[in-house]
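Protein chains: 2
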Amino acid sequence: MQEYSRCLRRQGKRIGLVPTMGYLHEGHLSLVRRSVRENDKTVVSVFVNPMQFGPREDFKKYPRAFKRDEEMLRRSGVDVLFYPSSKAVYPEPYYTTVNVEYLTEPLCDRSRPGHFRGVTTVVAKLFNITTPDSAYFGRKDAQQAAVIKKMAVDLNMGIKIVTMPIVREKGGLAMSSRNAYLSEEERRDAAVLYEALALAKGMIKKGRRSSGEIKDAMRGLIRKKKTAKIDYIEIVNEDTFKNISRPTGKVLIALAVYIGRTRLIDNIRLKAGYYQ
Amino acid sequence: MQEYSRCLRRQGKRIGLVPTMGYLHEGHLSLVRRSVRENDKTVVSVFVNPMQFGPREDFKKYPRAFKRDEEMLRRSGVDVLFYPSSKAVYPEPYYTTVNVEYLTEPLCDRSRPGHFRGVTTVVAKLFNITTPDSAYFGRKDAQQAAVIKKMAVDLNMGIKIVTMPIVREKGGLAMSSRNAYLSEEERRDAAVLYEALALAKGMIKKGRRSSGEIKDAMRGLIRKKKTAKIDYIEIVNEDTFKNISRPTGKVLIALAVYIGRTRLIDNIRLKAGYYQ
Numbered sequence: 421m422q423e424y425s426r427c428l429r430r431q432g433k434r435i436g437l438v439p440t441m442g443y444l445h446e447g448h449l450s451l452v453r454r455s456v457r458e459n460d461k462t463v464v465s466v467f468v469n470p471m472q473f474g475p476r477e478d479f480k481k482y483p484r485a486f487k488r489d490e491e492m493l494r495r496s497g498v499d500v501l502f503y504p505s506s507k508a509v510y511p512e513p514y515y516t517t518v519n520v521e522y523l524t525e526p527l528c529d530r531s532r533p534g535h536f537r538g539v540t541t542v543v544a545k546l547f548n549i550t551t552p553d554s555a556y557f558g559r560k561d562a563q564q565a566a567v568i569k570k571m572a573v574d575l576n577m578g579i580k581i582v583t584m585p586i587v588r589e590k591g592g593l594a595m596s597s598r599n600a601y602l603s604e605e606e607r608r609d610a611a612v613l614y615e616a617l618a619l620a621k622g623m624i625k626k627g628r629r630s631s632g633e634i635k636d637a638m639r640g641l642i643r644k645k646k647t648a649k650i651d652y653i654e655i656v657n658e659d660t661f662k663n664i665s666r667p668t669g670k671v672l673i674a675l676a677v678y679i680g681r682t683r684l685i686d687n688i689r690l691k692a693g694y695y696q
Numbered sequence: 421m422q423e424y425s426r427c428l429r430r431q432g433k434r435i436g437l438v439p440t441m442g443y444l445h446e447g448h449l450s451l452v453r454r455s456v457r458e459n460d461k462t463v464v465s466v467f468v469n470p471m472q473f474g475p476r477e478d479f480k481k482y483p484r485a486f487k488r489d490e491e492m493l494r495r496s497g498v499d500v501l502f503y504p505s506s507k508a509v510y511p512e513p514y515y516t517t518v519n520v521e522y523l524t525e526p527l528c529d530r531s532r533p534g535h536f537r538g539v540t541t542v543v544a545k546l547f548n549i550t551t552p553d554s555a556y557f558g559r560k561d562a563q564q565a566a567v568i569k570k571m572a573v574d575l576n577m578g579i580k581i582v583t584m585p586i587v588r589e590k591g592g593l594a595m596s597s598r599n600a601y602l603s604e605e606e607r608r609d610a611a612v613l614y615e616a617l618a619l620a621k622g623m624i625k626k627g628r629r630s631s632g633e634i635k636d637a638m639r640g641l642i643r644k645k646k647t648a649k650i651d652y653i654e655i656v657n658e659d660t661f662k663n664i665s666r667p668t669g670k671v672l673i674a675l676a677v678y679i680g681r682t683r684l685i686d687n688i689r690l691k692a693g694y695y696q
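In the order they appear, the protein sequences are chains A and B.
If you count by this note's numbering, then the first sequence holds residues 421 to 696, one letter each, in order.
If you count by this note's numbering, then the second sequence holds residues 421 to 696, one letter each, in order.
These are calculated hints, taken from the structure and not from any lab test.
Zero decoy hints are in this set.
It does not matter which identical chain is used: a pair holds within one copy or between any two.
Listed next, the in silico EDC-like pairs over lysine to aspartate or glutamate satisfying Cα-Cα at most 20 Å (straight line):
(1) 433 with 423
(2) 569 with 512
(3) 507 with 521
(4) 433 with 460
(5) 662 with 512
(6) 645 with 605
Chain A extracted, bound-state conformation:
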């Protein structure tokens, strides 16, 4: 893979990379389509990265469907499907990590310590192997996208990080490979993540400016669902991921909720112009 991408670079070809953990859905495909449009060659990596899962998390049962993924990518005009084994990515002994401080501390790292270190490490490796000009990430993982952007800038990777909007199912549920874990009842309850975000957005539109009050209302709504258990609800500055007590400027409202045993995340951004 590395030899091939270096060869492409020598030929002056623009390379786009879409890093995924497979079990692809419409969210991934929106990234793929943009990369195909913007580059000479699009590489999609499919790698369920053990380093970003905690010891009690769902690494083993994470959904995998390689043949289906392969078929979807073939139809999407992807040039290279990069599908390495864990042993090839982390040959023993493996000692090196990439860390982004501060940005990784709030939100998801609290309930998933070391998660982002696993993400930045594998993404740094994938970048070195595939040498992309641009790499594409979904905004559902808003914190992940911000952390990777920061890594790319700080380490002078010279790679443009492109993010794309969340793709949602009809009821508002953000598309995620983990939705495959949900029972029918859970899938109905899972719509509450987006409903809570929409509620928050509506309250702000109506002039409410207390993050505490807004989060309370969101909590109240989510707690009505039998299978839901809140991990976090945060209202933060979109750039710094620091909590803000009064939503104003570029705001990200983000939440993680367990639906049964499945942890789902979602978020909305409010642009600086939103508040009138």
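Guided by the hints, dock chain B onto chain A, whose structure is given.
Chain B only, in chain A's frame:
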């Protein structure tokens, strides 16, 4: 710099990088000459990296002589002298680090915590900016070279790490920019680092196989010098940097000694064939 190196890569040119902190001596020049011989273009970076100095270390007074360095490099056939400012290398806010675990824990990291994280971080950045095929490091910093080799492999950098032998002054003192700190008396005493290594080598040649006994003899020799204070003396496996109680196989004997207020390091390698 990054644009220029990418342009060179597109032209299929081989790039060699010699990362330095300046105040160049014959040790650096041996790296430069090898790079000039092996590559189409040689880049030498001169950057005194604040991240690898502890808060009480000698970052501020580290010797700098840019004009002299520039002149030496010009005469050595170097193509590019890359001389960035601290602000350009670490624009605020700066959050990202690269860490190599285990290999960094023994020897120098004990007395210089965080030192290697600073080294690997800046070297990863320099690699991304200058996109070398090969990078050149001196074996005086044996642990540094091993740590950087491991980083390059683990993160799939596709860069060959070349190391070169220690260059010594007549009395045996390993060349180092920090030798500039030494008074005349200290410079005489500093020869004891190499004398202690030679003593150890001789003992092993004669069949002694107790690391404890050998280190005791080295300590005894060094303590005779008024200005010397031992930081560490270690006999380790050259690949793992783990202590070995009986020197055999690929062995590194390494030491760090304060001569007055100046911390100096030195080492020798014994190849697996040395023991008869």
